[in-house]
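What follows is the residue order along each chain.
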Amino acid sequence: MTDAIWLVIALPLAGAVFLHFFGRRLGEPLAGIIGTLSVAASFAVGFAAALPFIVEEGAHGETVMLWEWMPAIGANLEIAWDSLAAVMTLIITGVGTLIHVFSIGYMHGDERFARFFTYLNLFIASMLTLVLGGNFAMVFMGWELVGLCSYLLISFWYTKPSAAAAGKKAFIVNRIGDFGFMIGLMLVFTNFGTLAFDGVFERVPEILDEGTATAIGLLFLVGAAGKSAQIPLYVWLPDAMEGPTPVSALIHAATMVTAGVYLVARTAPIFEAGPNAGLVVAIVGALTALWAASIAIAQSDIKKVLAYSTVSQLGYMFIAVGLGGYIAGIFHLMTHAFFKALLFLGSGSVIHGMHDEQDMNKMGGLLKKMPVTGITMGVATLAIAGIPPLAGFWSKDEILGVAFEYGGVGIVLWVIGLVTALITAFYMTRQWFMVFTGEPRWDKGVEPHESPRSMTVPLVVLAVLTVGAGFLNTPFRLTLEHFLEPSFELVKVAHPPEGWGMFALLAAISVGAGFAGMAMAGFVYSRPREIWERFQQGFGRLWEAWAAAYRVDDIYGATLVTPGRKLSERLAFTFDAGGIDGLVNGVGRAVRSVGTRTRVLQTGLVRNYGVGFVAGLLAVVIWLVVAGGGV
Amino acid sequence: MTFAQVLTPPSVGWIAIAPEIVLGVGAALILLFDVQFKPKKSQLAFATALVLVTAFVFTIVQYDRVQTFNSATTDQVTDLVAQAFPFNLMIVLDSNAVFGRFAMLLVTGLGLAAGWRLFERLGARAAEGLALVLLSAAGFTFMASSTHLMMIFLGLEVGSISLYVLAGITREQPRSEEAAIKYFLLGSVASAVFIYGVALTYAGSGSMNLLEIQGIVSRTVFTRPAVLLIGIALMVVGMGFKVSAAPFHSWAPDVYQGAPGGIVGYMASAAKIGGFAALIRILFTAFPDFASTWGPLVAGIAALSMLLGSTVALVQDDVRRMLAYSGVAHAGFILTGVVAGGAGTSEVWFYLGVYTVQLVGAFGVVAAVAGAASSGASIDSFRGLSKRVPFLAATFSVLLLGMSGLPLTSGFVAKFGVFTEAWQAGYEWLVIVAVLASVIAFFFYLRVIVAMYMEEPVDEAVAMPGLSVRTSLALAALITIVIGVLPGPLLSLAGEASPL
Amino acid sequence: MIEVTAGWYLSLAAVLFSIGLLGILVRRNALIMFMCVELMLNAVNLTFVAAGRALGNLEGQVAVFFVLVVAAAEVVVGLAIIVAIFRRRESASVDELASLRG
Amino acid sequence: MGDTMLTALILVPVVAAVIVMLLPANRKELALPVGFGLSFIPLAIAGYLFFHFETGVAGYQYTQKAVWYEAWGISWNLGVDGISLGLVALSVILVPIALAASTNITDRTKEFVVFTLLLEAGLIGSFLALDLFLFFVFFEAVLVPMYFIIGIWGSERRIYAALKFFIFTAFGSAFLLASIVALSVLHNQQFGAPSFDLRDLMSLDLSLSQSRWLFAGFGIAFAIKVPVFPLHTWLPDAHVQAPTAGSVLLAGVMLKLGTYGLLRFNLNLFPQAAVDAVPIIATLAVIGIIYGAIVAIVQPDLKKLVAYSSVSHLGFIVLGTAALTSAGFQGAVIQNVNHGLTTGALFLLVGMIYERRHTKQIADFGGLAKVMPIFAGLFLFTAFASIGLPGLNGFVGEFLVLIGSYSSIPGFAAVAAFGVILAAIYLLWAYERVFTGVPDKPENQKLVDLTPREIGLMVPLVVLMIVLGLYPKILLDRTAASTEALLDRVEQATTYEVPEPGRLADVFAGITEGDE
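Residue numbers (our numbering), protein chains in the order written: chain V, 1 to 631; chain R, 1 to 500; chain S, 1 to 102; chain E, 1 to 516.
Just so you know, the hints here were simulated from the structure itself, not pulled from any lab data.
Quick caveat: nothing in here was measured; it's all calculated off a predicted structure.
You may find that some hints are simply not true.
In the PhoX-like style, the derived pairs of lysine-lysine whose C-alpha atoms are separated by at most 25 Å in a straight line are [said to hold, decoys possible]:
#1 V:K368 with V:K444
#2 V:K444 with V:K369
#3 V:K160 with E:K28
#4 V:K369 with V:K160
#5 E:K370 with E:K441
#6 R:K387 with E:K65
#7 E:K446 with E:K370
#8 V:K160 with E:K446
#9 V:K362 with V:K492
#10 V:K160 with E:K441
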């Protein structure tokens, strides 16, 4: 089956190409169905190919060469198929399939319906390229291609200037990250002489000294921070919500944004050689987690809340992989993919039902109108709040455990994690109550209604996963752990502290934090509006700061964008056009002026000519006589 | 000795000067013919052509002779010398002379054909004009084949005086008159300077025969060669004037602009050929031992000519004036080859050949556009020529690009040749100056092309010129390109043209 | 008394020549300028004969004849042109002939 | 057959030009189709060359040498190797497209076609010439047709632009000429006969100062052609004023004369000087990359924007040349082709919109994606190819250059990589302003989308962008041997040693296994 692994990428790609040329003619819903099927098929193939890893513990991966790309740098189109890749593949194609299905309903009536699925399929293919790539160059290819897809999908409704701008912003900010990533790759190449994984990872210990390893790790972090929206490059993600909600769910929650986490996990050996880099990763993650969570508190746009919560959850994953808890990180990546996708799709369903209303202040009391959405989102909320036995609890707890076990700085990170957990529980609960309970605050003419099957079914499925996925890797039975181990045999994977007592203690604390947050939010937001509005005013300036996301965008604008524009204008219009080109034309003018000056000598008067003639004559005579030693 | 013996003419190598004889006699006959029969213009043209062709045939015969000389074995040499240097070593029959004649006759033919409209306009004086052209041609080729300073002087004067007259031959044109008087006054001064130089050289070296001088110079060690050096200097100045090298160029723009359009091309070319022929004969044949002395001087003149010519040409609004200044620049380029000494002879001759052809052709176009009898040719009258008379625009472009030394034209090969020689001779700086000057030169050549192709036409109508003009222009352009693509034959022809 | 060597003649010739050249520069009348040219040519002749005498060969003396002839030819043409101009302008001043310049 | 093929490749366009010239004057509408049709012959020949080209062979292939003028040692001396092959292919591909894109040229169509074909001949000739004299002839001769193309069929300030283009380049060629003369003289002094054969001249023994001066002489000529900062200011003017076909060929092929010259002549003839000059070249290259990109950002004119982007992209090629590593060279060579395709396509697209709106000002557009979806799609695609999106051609070249140069000159490579961000900024911002939003301007609302002909023009380019992006092997296999040989040359002639990963044993391994 592994030989046919290329199908995993080929199928969605084929779907994309096919839909690109014939999608319009197929129209609704056929285009959507084809798109969905291609992804589903890819999932099937992936699953079949993953079986070996499942049946026999510790089965090793292998690399399948497709064709030569840039042999000079050991970068060919090849697929590295191991358990890690398998997990990622299944997450991507699995969640992807559900979101495709959801989109059939959600994008109903959009004039570019088929085009939407083209892009979605293209994205799946690109994302798979990223996670299946057998060398850095191919990973980078997927890395960039998902960026492209995200650009295309964010600005899918390009007639909306804000959407177009958001897409551009996302791509450019990502590029800034890629800049770091690229230099990291250069370092890898200069040290290893190749970019192929199997040429690099085994030889890390013998080749890389700690300094270089740290450097590479930090450069990769820059790239990861770009894709996974970490400080300071997270600013694009909230804007990315301009895209259709399924996009937010698939790309900006479940899959693409986790690429950074995947990268760190994939390049674990390098981070192991340069542990400080890992630590920085973890710290960045922790700060991001707290920072984004605090912003999420005060958002009133239903999707913005989820966006910042995504940023914050990615922070968690960074803590994990940074501290060496790769499996914990991947585990949270997976669970998060489920419940965050669920939340986004839910919000999509709400927005859909509310006629594209996104402001939570204009919602409320929707539970009766859209029960399925309400309940499933409730489940997801509990999960992200870390309430056992839901998936979120297990994965988040494992991460916190890893942090705690790390000790030293780890403890600090653990505390931050806890606080974040509390805040998370708070704002998610707040959101749920604001949306689904209390008295309706809808605009006139808004007729909320439950979404069609195609949308609710995925919700339910995801809800089930949200409930169940956690049991894939409980301290009682570490299925995922064993499944992934072969992919990490080169490194020492960090784990939560041993022993049930320790586990129980930590779990109790985190769950406590979770409940506390939920209780607070529930206490405030289950009551009439003016109450919680007064509560919010209680925070004063702080709340405003949160609501305004700390004005980071304005700061960037003032410190980077505007000066950059200025510089560019200076160079273009003053220096280039005026300075350099002026100089060039100046030379031309100079030559001309010499001509005009000289021509004055040509007076037209014979005797002046005579003078010139005689002068020249004397000069010649003197020169010759002197030069010839005549006197 | 008996009376009969006295009457028998001396046995000298008439063949060595046969073309000149033909030209001279031809000129006289044409005048006679004109007075006697009042022939039609076409008949005059035919007669002239006949003269030129005859001269050309004799030149070919000479070429054949020269081949035998060059391929002569040592034991034959002694009796061949008499043929090679007839008239008691005053005339030489060598490849230089032959090449010079070829070039001159070609230029004359092209020039007359291109400017034929002028002779139609001249009415009764047409024959005079033609005779003068033939005479001057004879004079200048005579310069090219003399090894005796006095002979060179004679040739120079025969040529120059005819040109003075030609410059003013259209009496009704005041500017043509001005050109004539300026040319005459300055020209005669230059001649005087030249002949004074001859006199001093004679005084300094004791001979006027270049070969003897060379012998003397190489034998004697001059303690104070001032007289001789001044002599050389004055001769260089005189020739520098003829070839319009700076700073002795001031007459050229006025004359080229004022003289009748139909003939100015010929005037310019002929003077250059004669001047350079004499110059390299004097410098290379008589004074190779002073090369280190006159080399830098010539280089200086060359550099000055190239820079001054190009820069001033840049700001001209009259195409003929522009061509005159570009002529100054070209004199500089050719002198770049002269500094290389004997080695550069062939390159210099090659350059002379291709450049004079381009020059004649270019002035032919100017004449066709701005009038063959008129003076001056404002650049505006060339606006949009490509739309009005594409043929003229095309040929002119080819010729101009040829002069600018663009590859695939003869001009490039010529420039390349002289540059290589100069570099070889160690005048790198001169070559740098030269290439930069030729960049400046692109400016004004392109300016004309811009006017012809890229600007809107002016409404003054330009007639499609007659057949003779068309052929000669086409021929000039064709030569420019063919020699540019296949320089081999002409290069090797010029290659033989190294002086003895 | 001093013996008059060829050097004296050459020097004299040089002086004459220079005077002629100077004349060209300072005079405006075409005729006079032309006469200056003649003067220069005569200086040349003097040089020739002196040199020829000193060198003891005839070339120099012969040369003089050629120069004379050429000078005569120049006179013919020169006068013709000058006369033509005089006819039109009622003056032989070359300063009025400056329409061609630049 | 083999040895006359290159000659044919050069002469066929000339003959074609003559044929077009001889077309009856009253049937000017014939000129374009005939010229277009004839331009497929060189394409076919080059295609044959390309696919029968022996991979893994370092030397020149299909060589032909005929004495031109013995005494000067000049000869009609042609040959193609991995470094020139791609460029030849590029030229023959772009010319038919450029012609087909010129249906809007109604004034003096015949002359236009003739000039274009002559230009093609000149370009191919300069890529194939192994005799410096011959090279210079072509190098200089291409100026004339391009000069006329810009000057006659250009827009408002065409004359200024044409003159500037010509004089600027001629200025550079002046030094090139002097240097070539010097080389032949040196050869004459050292071997008793002048020669312009590149391979002969490589055996000259030059003093360091000599080789430095000559390097500078060659360098300035090529630097102007590339163009390298600060000698670039002719480029924007030329591009903005030139007609579409002119811009396509100018950016697509002509600029490559510079980068090609650096690789072929400067490195081969003056290795030591080249090695010493690396810091200078690399600095200028990096400045070009960053500077060009920054200046491109705020250009109000689409064509000018693309022109400056060329300055930036060609900087990468120069950087790859200065890298003196396998990857760097390969990147430079392949980027030559890639840039030709992408930038050519961009100029075509700009030309198409210009034909419709008669403006190139970004401010005059907006929301075009709504009215011209296909156009928008193609533009975006090309833009991403030019930004260097992996999977498309632009990436392969730039990535190889960056990777390759990092191992020898890391600092420069790191800075250069920054240009990748800027590229995204200027192109995507331009795209945003031109295509997104709602088409509010009335004249934009009634724009018609691309015609089948116009789409047809783009298809080959788009296909090539994808193919070269995913399967650059077809090109890399053919270049690898030559670039390696060039590297050998530099290493043997100098004290320079290629840093460890910069020199790859498995390059040839890769090829040979590719041949099976």
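Going through the earlier hints one by one, which of them does the structure break, listed in rising order?
Hint check: 3, 4, 6 and 9 fail, others pass.
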